[in-house]
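Asks: Order-wise, the sequence lines are chains A and B.
Each residue of the first sequence is one higher than the last, beginning at 1 in the numbering used here.
Each residue of the second sequence is one higher than the last, beginning at 1 in the numbering used here.
Source of the hints: derived by calculation from the structure; they are not laboratory data.
Small disclaimer: the values here were computed from a predicted structure and weren't measured.
Built from N, CA and C at the ideal position, the CB exists for glycine as well.
Heads up, a few of these hints could be off.
With a cut-off of at most 27 angstroms between alpha-carbon atoms, the simulated BS3-like pairs for lysine-lysine come out as follows [to be verified]:
#1 A:Lys-117 - B:Lys-70
#2 A:Lys-109 - A:Lys-89
#3 A:Lys-113 - A:Lys-102
#4 A:Lys-107 - A:Lys-89
#5 A:Lys-117 - A:Lys-107
#6 A:Lys-113 - B:Lys-123
#7 A:Lys-109 - A:Lys-97
#8 A:Lys-109 - B:Lys-123
#9 A:Lys-102 - B:Lys-123
#10 B:Lys-123 - A:Lys-117
#11 A:Lys-89 - B:Lys-21
#12 A:Lys-102 - A:Lys-89
#13 B:Lys-123 - A:Lys-107
#14 A:Lys-117 - A:Lys-102
#15 A:Lys-109 - B:Lys-70
#16 A:Lys-107 - A:Lys-97
#17 B:Lys-123 - B:Lys-21
#18 A:Lys-89 - B:Lys-123
#19 B:Lys-21 - A:Lys-107
Far from chain A, some chain B residues (derived; all Cβ distances over 10 angstroms) [what the hints assert, rightly or not]:
#20 Thr-35
#21 Ala-84
#22 Gly-115
#23 Asp-145
#24 Ser-147
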Amino acid sequence: MITESHPDQRLTLEDIKSALRNPEAETENAVGNIEALYELARDKQALAKKIAGNTELMRQFGNEEEILRALDALEHTYEEQIQTIEAGKLFAEKIEKQSWGKWALDKVKAVVKFPAKHPIIFLLILIAILASIAGYVGYLPGLGSTFSAWAQKAKALFGFEATAATETAAGALEAAHEAATVANIPIHIIESDVFYNGTKYGISELPELLKTLPKLAADQKFSILRYESARVSAENALKDILTDSFSADSWVMPDALIK
Amino acid sequence: MRDCGTVCLMNTLYLTPSEEKMFSSRSADLQQSWTVTPEVLTYADTPERRAFRFQMLRVQDPQLIQFREKALQAMSDTTFIELASSIDLTRIDNRDLTQIVFALGPDAMGMIITGILQSATMKDDIELAAAFSALRHGMLESFADVSLARS
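If we strip away everything but chain B, and leave its shape as in the complex, we get (with noise of 0.2 angstroms):
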């Protein structure tokens, strides 16, 4: 991905067939001041693929590992929703929320647009959906470097 700034992505969706779809179907004000670039590039993940990613995933922040410590020794509903409402992700390091975007990989990014999209009405909305284009979009560039500079 060229790195044009923020002020460039902040105005680019790279969107699949289907998502683009599916922003164009959102009211002319949403859509006012974006640019779509379909997404070109492709990766067929498999359970193995991503079994392999989480193994290889790393979170150091204590709280998340406090938080998976505990969280598997709740059995109930109630013990989990109380864990989960008492995490607080918006403090989540950078290093370990990429290592989790990566280990999710494009699939799940692309269920998070999906998702973003169908029930957007805001413009924050939309940012948010450029946000996981953007992070898929990388993700599938370095998929692709990576395959040709070893083909």
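Here chain A stands alone, though its shape is the one from the complex (with noise of 0.2 angstroms):
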């Protein structure tokens, strides 16, 4: 971990990934830690010659430009971050410290109760906390038909474009993942790519996965039924998919789905 007080601490990729999203670090910690990075971003000629003179983080960045622009980047996210983390402690003292802070939070606890007469707040509580896991909601597990039209919504709010391609994206990939997952398959879905047997498939290439799974599948005595429904709403998204653009930016799933 960088430290301002070890300048000349050895920098990797794992650091700067480390300081920004370590799921250990406290609110406190992170906040030294993004700072810290900032500072010796600050001077970025001089840090990335210091990058530079290192054999194994040069492998890792490619060339000089490449860690500048690294670099750069970072730097641009650094003081949003730091403001996002105080503007965080700030709202957390407001509540706490202020009368209508507890008058509030107890409003939405008296109605979060299951079932929730306004179920976006459930909803959106549940996400928040599937969502601490991964950072992002790229994929949400089941959501029954209670809560179907705000998921949809959910969905549109935590970046999902809303373009028909990634709707159609998203639904293909669910669809591929349920027949698998009925199926007792080792389908991996990570972003755009399908991992099936240690090899990678393209959101392109799923069709003719998928063409091999009913073998499998019938070999392990799984519902025939539920797999073709999933099976067919797989490929016809997949059409769509492959007739529009796709970008599978929006794509990110939870570490857990990830083996």
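Assemble the dimeric complex from its two separately framed chains, guided by the hints.
Replies: Here it is, written out as structure tokens:
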């Protein structure tokens, strides 16, 4: 971990990632890490040279230009992230110390008993809890019909592009995942890539992969009907995707699904 | 936000123009005794900013942590709904709920306020909208204060 007191400490990509995303870091530490990294990144030229002098790091970054580009990108995010953390602390202080805070939270808590009168509140809280693992909501476990309308809105709110292609891609991947899950076939979906038996398949290759599943699935005596339904749904969705532009940018799967 | 106590806040709704229009369309009985204060603060949220807030979210309640672990394994509607129905959010720790509200952000608060105002039929509904508008206002103030302090 980078600290201000050891500016010469070796900086690795992992340091950068962990400073920004360390799951164990408390808020105070995260602020310290980000600020320390920000201080280091201020003299980007010097830092780039330092990194360039390290063979292992050069292998990771590629060349000095890439290092500078990476540092530029990081620098743009530091200030904003520090502001977000500080705003969060300030908000928590307001809630805790000012009488309206407890009043407002009590009102919220009074309406989140399942089945909720306002399902969106209930759903958003659940989504936030789930998203705290992934850092991003790119996938929601099966949300029943009770929540389906709100789930769509929540998906739109939390980063899904409201384009047909992305929605279709979401449907395709979910259906493919459902098909594989029902069949107990070890397909894992990471961003827009599908992994099966250690081989990576792009979204456009999914139809071919799906064709190989029925036999495997039959061998494993799963519900043919349910599998077929999911498979057809995936294939139909894929037909739409393949005739449209598909942006994989908004697809991030929870770590728990990446095995 | 001026801390004028719960009595003051129980009479104040911080609403955007579209929300205010929605509130105005409710019955006179529902509107009675409420003061609408225009929400003038804004925050341009982005997927990246939301993602970062989610990364910083650390729920502590064992019940929530357990729910999260089980939910990520639940691959069917039935299982997920069973899990959702088993969780008791009415007892959620205030610190966890504060973090969750902050992670969701002002846009989510707006979506909730709109939903409540659209279907409001009881005084309790307006009070709930007021609570969310207070949370959003507090959040927007925090973003604004920090932004000013660092600029």
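Asks: Now tell me, hint by hint, if it's right for this structure.
Replies: These are the hints, each one checked on the structure:
Restraint check: the Cα-Cα separation between A:Lys-117 and B:Lys-70 comes to about 24 angstroms, which is no more than 27 angstroms; the hinted pair holds. At most 27 angstroms may separate the alpha-carbon atoms for a hinted pair to count; A:Lys-109 and A:Lys-89 meet this at roughly 21 angstroms. The hinted pair formed by A:Lys-113 and A:Lys-102 meets the criterion: a straight-line CA distance of about 18 angstroms does not exceed 27 angstroms. Taken as a hint, the A:Lys-107 and A:Lys-89 pair is honoured in the structure, with Cα atoms around 22 angstroms apart against an allowance of 27 angstroms.
A C-alpha spacing of about 13 angstroms is found between A:Lys-117 and A:Lys-107, which places the hinted pair at or below 27 angstroms, so the restraint holds. Restraint check for A:Lys-113 and B:Lys-123: satisfied, since their Cα atoms lie roughly 19 angstroms apart, inside the 27 angstroms limit. At most 27 angstroms may separate the alpha-carbon atoms for a hinted pair to count; A:Lys-109 and A:Lys-97 meet this at roughly 18 angstroms. Between A:Lys-109 and B:Lys-123, the direct Cα distance comes to roughly 17 angstroms. Compliance with the 27 angstroms bound is thereby established for this hinted pair.
Taken as a hint, the A:Lys-102 and B:Lys-123 pair is honoured in the structure, with Cα atoms around 19 angstroms apart against an allowance of 27 angstroms. A hinted pair counts as satisfied when its Cα atoms are at most 27 angstroms apart, and B:Lys-123 with A:Lys-117 qualifies at roughly 14 angstroms. Between A:Lys-89 and B:Lys-21, the direct Cα distance comes to roughly 33 angstroms. Violation of the 27 angstroms bound is thereby established for this hinted pair. With a C-alpha separation of about 16 angstroms, the suggested pairing of A:Lys-102 with A:Lys-89 holds against the 27 angstroms cut-off.
For the suggested pair B:Lys-123 and A:Lys-107, the alpha carbons sit about 13 angstroms apart, so the restraint of at most 27 angstroms is met. The suggested pairing of A:Lys-117 with A:Lys-102 holds, with an alpha-carbon distance near 21 angstroms, which does not exceed 27 angstroms. A C-alpha spacing of about 22 angstroms is found between A:Lys-109 and B:Lys-70, which places the hinted pair at or below 27 angstroms, so the restraint holds. Using a Cα cut-off of 27 angstroms, the hinted pair A:Lys-107 and A:Lys-97 holds, with the two alpha carbons roughly 17 angstroms apart.
Between B:Lys-123 and B:Lys-21 the alpha-carbon distance is near 17 angstroms, which keeps this suggested pair within the 27 angstroms criterion. Between A:Lys-89 and B:Lys-123 the CA atoms are separated by roughly 32 angstroms; this puts the pair beyond 27 angstroms, and the hint is violated. Between B:Lys-21 and A:Lys-107 the alpha-carbon distance is near 23 angstroms, which keeps this suggested pair within the 27 angstroms criterion. Listed as outside the interface, B:Thr-35 is consistent with that label: its C-beta sits roughly 14 angstroms from the nearest C-beta of chain A, beyond the 10 angstroms cut-off.
Chain A draws B:Ala-84 into its interface by the beta-carbon criterion, the shortest separation being 6 angstroms against a cut-off of 10 angstroms. A cut-off of 10 angstroms between C-beta atoms contradicts the statement that B:Gly-115 is not in contact with chain A; the least separation is 5 angstroms. The beta carbon of B:Asp-145 is not kept farther than 10 angstroms from every beta carbon of chain A, the shortest such distance being approximately 6 angstroms. Distance to chain A contradicts B:Ser-147 as a non-interface residue, since its nearest Cβ pair spans about 6 angstroms, not more than 10 angstroms.
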